[in-house]
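Chains as they are written, first to last, in full-length UniProt numbering: chain A, 1 to 551; chain B, 1 to 312; chain C, 1 to 142.
I should point out that these hints are in silico values taken from the structure, not numbers from a laboratory.
Heads up, a few of these hints could be off.
So the derived label-pair ranges between C-beta atoms look like this [what the hints assert, rightly or not]: (1) H209/B - K90/C: 56 to 62 Å; (2) S137/C - R383/A: 46 to 52 Å; (3) H260/A - E130/C: 56 to 62 Å; (4) R114/C - V199/A: 25 to 31 Å; (5) R114/C - A282/B: 42 to 48 Å; (6) E288/B - S137/C: 39 to 45 Å; (7) R279/B - F454/A: 46 to 52 Å; (8) L294/B - E130/C: 55 to 61 Å; (9) Q428/A - L294/B: 57 to 63 Å; (10) R114/C - S254/B: 37 to 43 Å; (11) R257/A - E87/C: 47 to 53 Å.
Computed list of lysine-lysine pairs in DSS-like fashion (alpha-carbon distance at most 25 Å, straight line) [said to hold, decoys possible]: (12) K167/A - K483/A; (13) K199/B - K414/A; (14) K419/A - K199/B; (15) K146/A - K203/A; (16) K90/C - K55/C; (17) K414/A - K249/A; (18) K406/A - K297/A; (19) K249/A - K297/A; (20) K90/C - K70/B.
Glycine is no exception: its CB is placed at the ideal position from the N, C-alpha and C atoms.
Spelled out, the chains give:
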Amino acid sequence: MTDQSENIFGNLEELEVKLSRTKSWGGIETENSYGPADTSDADYAEKLGDPGTFPFTRGAYPKMYRSRMWTLRNIVGYGAPEDTRDGLEKVLASGGTGINIVVDPLTTQSIDPDHPSFGPEVGLEGCSLPTANDIDRLLDGVDLSKIDTAWHWAAMAYPMVAAVHVKRGQPLETLQGSSMPDMLQETLSGWGERLVPTVLGHKTTVDEIEYSVQNSPRWALGMPQAYDLRERGLTPAGEIALGMAFINKTLEDLVERGLHVDQIAPSLAWVSTSDIDFFEEVAKFRALRRFWATTMKDRFGAQDVRSMRLRVACHTSGKSLVYKQPLNNLTRTAIEGFAALCGGVQSLEVCTFDEPVGVPTHEARDLAIRQQQILANEVGAARVADPLGGSWYVEALTDAVETEAKAMLDQIEKIGLLKAISDGTIEQMMDDHNLKIQRELDDGERIVVGGNRFMPEEEPAPQRFTFDRTNTENHIRRFIALKGSRDQDRWRDALRTVHSVAKSGGNPIGPMIDAFVADASVGEVWGSIRVAHGLSYDPYDTLEAPLDYAD
Amino acid sequence: MGELADSILAGDRRAAGRLISQAERRDPQAVEDLGILYRHGGHARTIGITGPPGAGKSTVADALITRFRKLGQTVAIIAVDPSSPISSGAVLGDRVRMMRHCDDEGVLVRSMATRGALGGLSAATGDAITVFDAMGFDIIIIETVGVGQSETDIVGHSEAVILLQTALGGDGVQAIKAGVLEIADLIVVNKKSTSGSDKMARFLRESLHDRPMRADGWDVPVLLTEASEDIGIDKLTDTLVQRFYHNSTQDRVSVTRRRQVAAHLTALADVEVRSLTKRLVAGDATPEAWQAVLERRSDPWTLSAQLFEKLR
Amino acid sequence: MQTETEIQSGGGQPVRCLLGMLGTDVHSKGIRTIAQLLRDAGIEVIYLGEHNSVKGMASAAVDEDADLVGLSFSSAAYVTYTRQLVEEMKRIGAQDIPIMLGGIIHPDDHAELREMGVRGIFGAGSTTEEIVEFVRSMGRSQ
Ligand code: B12
Ligand SMILES: Nc1nc2c(ncn2[C@@H]2O[C@H](COP(=O)(O)OP(=O)(O)OP(=O)(O)O)[C@@H](O)[C@H]2O)c(=O)[nH]1
Ligand SMILES: [Mg+2]
Numbered sequence: 001m002t003d004q005s006e007n008i009f010g011n012l013e014e015l016e017v018k019l020s021r022t023k024s025w026g027g028i029e030t031e032n033s034y035g036p037a038d039t040s041d042a043d044y045a046e047k048l049g050d051p052g053t054f055p056f057t058r059g060a061y062p063k064m065y066r067s068r069m070w071t072l073r074n075i076v077g078y079g080a081p082e083d084t085r086d087g088l089e090k091v092l093a094s095g096g097t098g099i100n101i102v103v104d105p106l107t108t109q110s111i112d113p114d115h116p117s118f119g120p121e122v123g124l125e126g127c128s129l130p131t132a133n134d135i136d137r138l139l140d141g142v143d144l145s146k147i148d149t150a151w152h153w154a155a156m157a158y159p160m161v162a163a164v165h166v167k168r169g170q171p172l173e174t175l176q177g178s179s180m181p182d183m184l185q186e187t188l189s190g191w192g193e194r195l196v197p198t199v200l201g202h203k204t205t206v207d208e209i210e211y212s213v214q215n216s217p218r219w220a221l222g223m224p225q226a227y228d229l230r231e232r233g234l235t236p237a238g239e240i241a242l243g244m245a246f247i248n249k250t251l252e253d254l255v256e257r258g259l260h261v262d263q264i265a266p267s268l269a270w271v272s273t274s275d276i277d278f279f280e281e282v283a284k285f286r287a288l289r290r291f292w293a294t295t296m297k298d299r300f301g302a303q304d305v306r307s308m309r310l311r312v313a314c315h316t317s318g319k320s321l322v323y324k325q326p327l328n329n330l331t332r333t334a335i336e337g338f339a340a341l342c343g344g345v346q347s348l349e350v351c352t353f354d355e356p357v358g359v360p361t362h363e364a365r366d367l368a369i370r371q372q373q374i375l376a377n378e379v380g381a382a383r384v385a386d387p388l389g390g391s392w393y394v395e396a397l398t399d400a401v402e403t404e405a406k407a408m409l410d411q412i413e414k415i416g417l418l419k420a421i422s423d424g425t426i427e428q429m430m431d432d433h434n435l436k437i438q439r440e441l442d443d444g445e446r447i448v449v450g451g452n453r454f455m456p457e458e459e460p461a462p463q464r465f466t467f468d469r470t471n472t473e474n475h476i477r478r479f480i481a482l483k484g485s486r487d488q489d490r491w492r493d494a495l496r497t498v499h500s501v502a503k504s505g506g507n508p509i510g511p512m513i514d515a516f517v518a519d520a521s522v523g524e525v526w527g528s529i530r531v532a533h534g535l536s537y538d539p540y541d542t543l544e545a546p547l548d549y550a551d
Numbered sequence: 001m002g003e004l005a006d007s008i009l010a011g012d013r014r015a016a017g018r019l020i021s022q023a024e025r026r027d028p029q030a031v032e033d034l035g036i037l038y039r040h041g042g043h044a045r046t047i048g049i050t051g052p053p054g055a056g057k058s059t060v061a062d063a064l065i066t067r068f069r070k071l072g073q074t075v076a077i078i079a080v081d082p083s084s085p086i087s088s089g090a091v092l093g094d095r096v097r098m099m100r101h102c103d104d105e106g107v108l109v110r111s112m113a114t115r116g117a118l119g120g121l122s123a124a125t126g127d128a129i130t131v132f133d134a135m136g137f138d139i140i141i142i143e144t145v146g147v148g149q150s151e152t153d154i155v156g157h158s159e160a161v162i163l164l165q166t167a168l169g170g171d172g173v174q175a176i177k178a179g180v181l182e183i184a185d186l187i188v189v190n191k192k193s194t195s196g197s198d199k200m201a202r203f204l205r206e207s208l209h210d211r212p213m214r215a216d217g218w219d220v221p222v223l224l225t226e227a228s229e230d231i232g233i234d235k236l237t238d239t240l241v242q243r244f245y246h247n248s249t250q251d252r253v254s255v256t257r258r259r260q261v262a263a264h265l266t267a268l269a270d271v272e273v274r275s276l277t278k279r280l281v282a283g284d285a286t287p288e289a290w291q292a293v294l295e296r297r298s299d300p301w302t303l304s305a306q307l308f309e310k311l312r
Numbered sequence: 001m002q003t004e005t006e007i008q009s010g011g012g013q014p015v016r017c018l019l020g021m022l023g024t025d026v027h028s029k030g031i032r033t034i035a036q037l038l039r040d041a042g043i044e045v046i047y048l049g050e051h052n053s054v055k056g057m058a059s060a061a062v063d064e065d066a067d068l069v070g071l072s073f074s075s076a077a078y079v080t081y082t083r084q085l086v087e088e089m090k091r092i093g094a095q096d097i098p099i100m101l102g103g104i105i106h107p108d109d110h111a112e113l114r115e116m117g118v119r120g121i122f123g124a125g126s127t128t129e130e131i132v133e134f135v136r137s138m139g140r141s142q
């Protein structure tokens, strides 16, 4: 026997897996076990209800996946429109059931690809889509009145896709698809006051919802976009609290503009995450639907059942995935995806195992789709609605998440949402949360395999996705050429209208669509809005506005 | 020796940064260079910004930089944040609010931690002012830590102290109770869109009104700003310029100068005395006397008298 | 001469460490956490946050007399941006200020980064202890 093996056998006791904590991942303390005494005896009908009935704790639809399978998503976006098109075709060939597109960091910030400072980032981590023409190229042959396109992109997605539809000679009311108009989420998730000032961000979201529900009723709105907030640093209860704070404020403002909740809420879907704590996430989805239903009914006087019945779009947590020994992430995403389905989500995107490394390789993407197919066909995740309903533990956890969320929401609303965002209170809350987690990791109270314990020996460098940048370079040249060849008068007039409507406090979404139809770019349209709000044209203070707005 | 001073006088910002760091750590080498630079100074106008944590001091500073730059003035900022009393580390977060000026050669921001100093500034504030003054900066803005009540060192270092308040959290009442109003040459109610701001401004004006006239004859104005929206900053700038003008008569100049020298001296003396005290108290020099106290053959009063005899 | 807090922390001068991000990168949570952890380890962090220009970052390193510059990247454009910063620091005579990187840095790029002069690389899975130790070792007294 070698020394080493002697040691291993000698220390068997220490090698045993021990429970490092009894709290949930989100910090809720748990008991040894749960029983009938732990769930309150409030009326089944009032707190739970059958699936598909108020308060929808047990699911949005009576038969859940038997009547309507979840949409299997896989997000694609890299390089020029041609590159992303290629990726989309591969996903559909593997069995993906939707077109899901993510834009590059510049486009998310409404920065054009010819900005002098950010050349190396164009198309690097998403598709560069600065004009309606680029979207048209990406979706060549895709009928936007028949096929859903889902955009992982905030307020600019709707007006740009709408412009493509209009350019193709189609009426706005037939436009179908979805986007995520939540801008406050961006302010908080890293874009910051500089790129998305709280007040402007919020107004833009309200404008867009007002316009799209009235003009494109078949367009769905991923709002709130709570996924990013969770990734930035929130517990499951925090997700509900902050997301509901967004919803309450947004609906209040829309009601003030004369809309009724039943004109808006049916178009909304909650963009959520599913982290690694299986039971806590299931509880969250259930508590969330109940929270939503009662808020719509009691606070906003909703009458339409579609307003009270929350649909959830879920993307599994990226931050839960670990860089070292990345294949372990397949275990993690399987469980997270399973939690989402037990929690009754309407669409699911499972992260690829190489999420911590970079933009997914085609192989990793393929496995992510296979994973959902296994969940659907082998595991039985789709069989029965609310499979964990009635579990004493899950019901108690559902109540606990709800209670914590209520307390946090009250706290935020006491300060006032917009104020709590702009004065840094909420960011501070998220920073405190992240610091606490890091400390728990540092002292081993929280264990992550390959993160702070059970580190693998030397491993080979992980494979990373690369692609040829030629298309991107051509795409930038094409963009510059377009700026020279478009109808300059029409372009200028369109941007001036965007500016003057925004400046007068009106809703600029219609004029924005017109400007995109006139081949204005995302940077120019958002820049005009910024100027109208007294901000610099370029948030990075490098470019000057390409036109003067004097009327 | 004197090389850093020469480089600094030639406009070398790296050298300026180094010398200030030396001053911060009380490196005896710094003294000669600072002495040379001191003889070249005396032109900069100094503005202090103080007020509770998060009142908007850095945001106001940022807005003032823009104004003064438009007036063709160069601006140096000394931004002080607290050191953690436990770790002695710090997160110096003021600069991030002024990053839009980062490409402008006419603006220089230096962040400093208090490193145990208690008056709301770094002990090397006067030294940094000396450096920037000698470099020819027209305006020097000093931002204090977010103050409570007793951190009033800023008064000596600047000829125009802006006391920032907001209508949030009852800052104003607290300020009046603590007597911080006394230190202000200008009072600014920032975040004026917050409800209660007008009321607060009125309240402050009334409290000032009840006080005797100041010796220098300056009437302390109460202004309202929304610094993050650049609202009210024009008026603030004008008032600062008036204040400078007010201070420019001969006798007032000398009053201001005396005050600044006194503040600088106090800061230097403070460090000297504190470290001397520390050394004396440490007991290395007088082990027997210490032992006597420990064994209760003597007492702390006697020991104190012995230790500080020479200082008295 | 030492002030109170220095005596408490066992002497030495606090290291001045600039922390910031370049480009359009919004992944700030790592660097925000690191800033607080470094403060708690006795470091003076000059926090620049996200969205800095290369020029602004370099001039901050000079004006603030930083002992080292720490960059956080979750964007894959880090090799290009780091090179731009290294060159700008050279241009303004600050090439001696060490640079360290954190975030998502692929092992295949380590050699190129080291060649540029990057002194420390702390990607995913680095421990707080390692990071603190490295930052301390960059202090002037050493
Ligand atoms: C959280 C997250 C987000 C959050 C960010 C919130 C925030 N404000 O931080 C949100 C949801 C907003 C987000 C958005 C996007 N993201 Co993201 N995100 C992540 C995720 C899941 C985790 C990153 C993270 O925070 N880790 C936790 C922290 C603590 O770790 P860390 O930052 O690495 O820091 C540690 C160390 O590296 C070190 N460290 C970090 N910095 C420094 C600095 C110094 C000096 C030192 C010494 C140490 C150090 O200390 C920390 C503790 O150990 C990663 C995937 C993953 N699992 O890693 C993707 C990831 C980084 N995101 C990615 C992308 C593409 C995006 C988007 C561009 C997507 C899009 N096209 O819209 C957008 C950003 C849009 C834009 N304009 O930039 C990619 C980047 C691809 C690449 N590099 O090749 C990743 C890798 C996911 C992927 N596979 O596609 N994201
Ligand atoms: N609404 C509003 N917010 C402001 C105003 N001025 C500053 N802020 C915000 O208030 C917060 C704190 O501002 P800072 O300028 O950092 O305050 P400070 O007084 O320098 O803070 P410390 O240095 O930490 O004491 C930031 O989120 C600013 O954006 C204002 O006039 N109105
Ligand atoms: Mg400040």
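Verification of the supplied hints:
| no. | hint | result |
| --- | --- | --- |
| 1 | H209/B - K90/C: 56 to 62 Å | holds, 59 Å |
| 2 | S137/C - R383/A: 46 to 52 Å | violated, 58 Å |
| 3 | H260/A - E130/C: 56 to 62 Å | holds, 57 Å |
| 4 | R114/C - V199/A: 25 to 31 Å | violated, 45 Å |
| 5 | R114/C - A282/B: 42 to 48 Å | holds, 45 Å |
| 6 | E288/B - S137/C: 39 to 45 Å | holds, 42 Å |
| 7 | R279/B - F454/A: 46 to 52 Å | holds, 51 Å |
| 8 | L294/B - E130/C: 55 to 61 Å | violated, 43 Å |
| 9 | Q428/A - L294/B: 57 to 63 Å | violated, 47 Å |
| 10 | R114/C - S254/B: 37 to 43 Å | violated, 58 Å |
| 11 | R257/A - E87/C: 47 to 53 Å | holds, 52 Å |
| 12 | K167/A - K483/A | holds, 18 Å |
| 13 | K199/B - K414/A | holds, 21 Å |
| 14 | K419/A - K199/B | holds, 20 Å |
| 15 | K146/A - K203/A | violated, 30 Å |
| 16 | K90/C - K55/C | holds, 11 Å |
| 17 | K414/A - K249/A | holds, 12 Å |
| 18 | K406/A - K297/A | holds, 16 Å |
| 19 | K249/A - K297/A | holds, 16 Å |
| 20 | K90/C - K70/B | violated, 31 Å |
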